[in-house]
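Enquirer: Next come the chains, spelled out residue by residue.
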Amino acid sequence: MTPVRLALLRSAAAIALTVGLSAPAAAALGGSAATVENDRVSMQGALMRMTRNDDFAVHEIRTATGTMVREYVSRAGTVFAVVWQGPWTPDLRQLLGDSFERVQRSMQAARQARKARGVVAIDEPDLVVHISGHQRAFYGRAYMPGLVPSGMQAEVIR
Amino acid sequence: MVRVLAVAMFAAATVAPQCGSSSSGSSGPSGPVQNFQTLVVNAGPANAYLDGAFTTVTVCLPGQSSCQTIDGILVDTGSTGLRVLSDRLSLQLPQQNDPTGAPVVECAPFADGFTWGPVRTADIKMAGEQASNVPVQVIGASGFPVIPQSCSSNGPPEQTLDALGANGILGIGVFRQDCGSACTVSGSSNAGLYYSCPASGCRIVAQPLAQQVQNPVALFATDNNGVMIQLPTVVPGGAPAVSGMIVFGIGTQADNALGTAKVLTLDGDGNFSTSYASQSIGSTYVDSGSNGIFFLDSATTGLPICSLSTDFYCPATLQTQSATNRGLNGASSSVTFTVGNVDALPASVNAAAEVAGPNPGGFAWGLPFFFGRSVFTAFEAASTPGGSGPYVAY
Numbered sequence: 032m033t034p035v036r037l038a039l040l041r042s043a044a045a046i047a048l049t050v051g052l053s054a055p056a057a058a059a060l061g062g063s064a065a066t067v068e069n070d071r072v073s074m075q076g077a078l079m080r081m082t083r084n085d086d087f088a089v090h091e092i093r094t095a096t097g098t099m100v101r102e103y104v105s106r107a108g109t110v111f112a113v114v115w116q117g118p119w120t121p122d123l124r125q126l127l128g129d130s131f132e133r134v135q136r137s138m139q140a141a142r143q144a145r146k147a148r149g150v151v152a153i154d155e156p157d158l159v160v161h162i163s164g165h166q167r168a169f170y171g172r173a174y175m176p177g178l179v180p181s182g183m184q185a186e187v188i189r
Numbered sequence: 003m004v005r006v007l008a009v010a011m012f013a014a015a016t017v018a019p020q021c022g023s024s025s026s027g028s029s030g031p032s033g034p035v036q037n038f039q040t041l042v043v044n045a046g047p048a049n050a051y052l053d054g055a056f057t058t059v060t061v062c063l064p065g066q067s068s069c070q071t072i073d074g075i076l077v078d079t080g081s082t083g084l085r086v087l088s089d090r091l092s093l094q095l096p097q098q099n100d101p102t103g104a105p106v107v108e109c110a111p112f113a114d115g116f117t118w119g120p121v122r123t124a125d126i127k128m129a130g131e132q133a134s135n136v137p138v139q140v141i142g143a144s145g146f147p148v149i150p151q152s153c154s155s156n157g158p159p160e161q162t163l164d165a166l167g168a169n170g171i172l173g174i175g176v177f178r179q180d181c182g183s184a185c186t187v188s189g190s191s192n193a194g195l196y197y198s199c200p201a202s203g204c205r206i207v208a209q210p211l212a213q214q215v216q217n218p219v220a221l222f223a224t225d226n227n228g229v230m231i232q233l234p235t236v237v238p239g240g241a242p243a244v245s246g247m248i249v250f251g252i253g254t255q256a257d258n259a260l261g262t263a264k265v266l267t268l269d270g271d272g273n274f275s276t277s278y279a280s281q282s283i284g285s286t287y288v289d290s291g292s293n294g295i296f297f298l299d300s301a302t303t304g305l306p307i308c309s310l311s312t313d314f315y316c317p318a319t320l321q322t323q324s325a326t327n328r329g330l331n332g333a334s335s336s337v338t339f340t341v342g343n344v345d346a347l348p349a350s351v352n353a354a355a356e357v358a359g360p361n362p363g364g365f366a367w368g369l370p371f372f373f374g375r376s377v378f379t380a381f382e383a384a385s386t387p388g389g390s391g392p393y394v395a396y
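Those protein sequences? They're chains A and B, same order as listed. Under our numbering, the first residue of the first sequence is numbered 32, with each subsequent residue one higher. Under our numbering, the first residue of the second sequence is numbered 3, with each subsequent residue one higher.
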């Protein structure tokens with residue numbers, strides 16, 4: 032290994048260490064664009080690619096356990112949707128941020144009516160969450176309708 | 003006299019028909035073992051389940067005659083392994099320990115939450131079949147009250163009868179272990195299902211395949227390449243309960259032949275694909291543990307969401323839908339199903355074919371798919387007359 036490459040590796044390691052130490056538990060869904068990087072570090076993931084159009088950017092992260100996470104960031108710089116697909120559920124406390132406990136409560140809430148088993152469907156004016164799948168293949172999607180860019184169809188989030 | 007009676011009873015047992023109408027027990031020494039038992043779709047032990055299939059499992063101390071029979075166990079082709087609520091289990095099953103001597107505890111993920119509890123070892127008996135020394139999960143067993151944050155970040159805990167709606171889960175999906183190789187590695191790429199829990203606290207640990215929670219049917223001495231689930235047709239409007247059959251093995255006995263069933267092979271994740279209208283949907287699956295056919299969304303299907311049971315669709319009248327499933331092998335099969343008004347089902351109804359709900363971007367063929375069908379699930383790498391697993395066939 033050449034000295035130059037070693038130095039590069041060292042500095043990359045130093046940066047990774049700094050980011051890791053400073054990573055706050057800040058919100059992803061509903062948080063600022065900067066929280067996408069917090070999520071990546073927390074999930075020990077790799078940013079696979081970023082795509083952008085006039086209204087939003089999509090950051091695609093592959094977690095260390097092989098699940099793909101896509102975070103949708105509006106032009107205003109807010110994460111308005113997160114999507115995951117892969118063998119294992121990502122850290123939802125990190126990914127859903129401030130919405131996590133609400134989602135957990137909603138999933139546990141006693142129902143007067145019939146309850147779905149094996150899938151999750153939360154459809155409220157300010158928060159929509161759908162989770163499905165089986166062991167070794169899970170899929171989830173969460174978004175905040177109030178933060179979705181105007182004119183964008185929810186079906187685009189996937 | 004006693005001896006004569008014993009001989010007479012033995013003779014009666016051996017001449018009893020192997021494919022008799024009901025009852026349990028093992029067969030005579032020369033015939034095939036009984037490979038089927040009943041399952042029932044009813045409200046379940048929590049009296050709160052719509053479209054859940056329940057059966058009975060006998061668990062025993064390994065190698066001993068001390069056993070307990072537990073009913074109200076949910077039959078789930080979407081997971082792997084036997085899990086029993088600790089307060090339903092009176093047997094003290096032996097704890098599995100890691101090489102340091104610390105107890106192994108599992109965080110098992112499900113789409114709608116997780117179960118947390120120690121891995122213990124049991125012999126498992128169903129019909130005339132037995133699997134020995136099987137790692138199982140005892141959900142919520144005392145001694146491990148603190149759920150690690152890395153586990154609870156999966157969603158809500160399903161640790162009680164109310165939360166689970168069942169006394170336990172019999173996971174008989176296509177996989178042999180619930181995690182597989184993703185849990186055998188060390189470091190951040192470990193999927194994080196298994197924990198070593200010494201008194202100082204729990205940490206994620208690498209777990210060899212053989213120590214992971216196992217599909218018990220795949221460990222039977224015979225009839226171990228898959229399962230068939232058979233449920234009757236249910237009339238529109240539903241029924242309080244219907245009963246069907248779970249048959250172990252595929253093409254191993256006269257009662258589990260594939261016949262004309264179409265084999266759809268699955269990808270490495272256990273999925274196939276489905277087309278609906280002009281849309282093609284990847285990563286679709288059959289899952290007896292989901293209590294509806296959960297597919298797409300209102301905008302795509304034109305089906306309105308219920309006003310009360312908001313997890314489900316509620317069209318004003320019964321709607322007929324169709325979709326085509328396609329296996330990895332290219333085999334395809336058109337499926338017609340109905341979607342009805344879940345809010346309009348009487349409270350007494352626990353089994354209904356027209357139960358469906360939203361699942362944007364996805365297609366989950368839950369228990370209603372099983373009504374009026376024989377559905378085969380072939381385990382990964384298992385040899386069957388229909389080829390090698392994993393596949394579903396119906």
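Keep in mind the hints are simulated off the structure, nothing from the lab. Because the structure is a prediction, the values reported are computed rather than measured. Each residue gets a CB set at the ideal place from its N, CA and C atoms; glycine is no exception. Please note: incorrect hints may appear among the correct ones.
Claimed, not checked - These stretches of chain B come out as covered by chain A in the derived footprint (C-beta under 8 angstroms, 3 or more residues):
1) 70-82
2) 135-146
3) 300-307
Enquirer: Take the hints in turn and mark each one as holding or not.
Expert: Outcome of the hint check:
1. 70-82: holds (count 3)
2. 135-146: Three-residue rule not met by the stretch 135-146 of chain B, so violated; n is 0.
3. 300-307: This one holds; 3 residues, not fewer than the three required, reach chain A with a Cβ under 8 angstroms.
Checked against the numbered hints given earlier, this structure breaks only hint 2.
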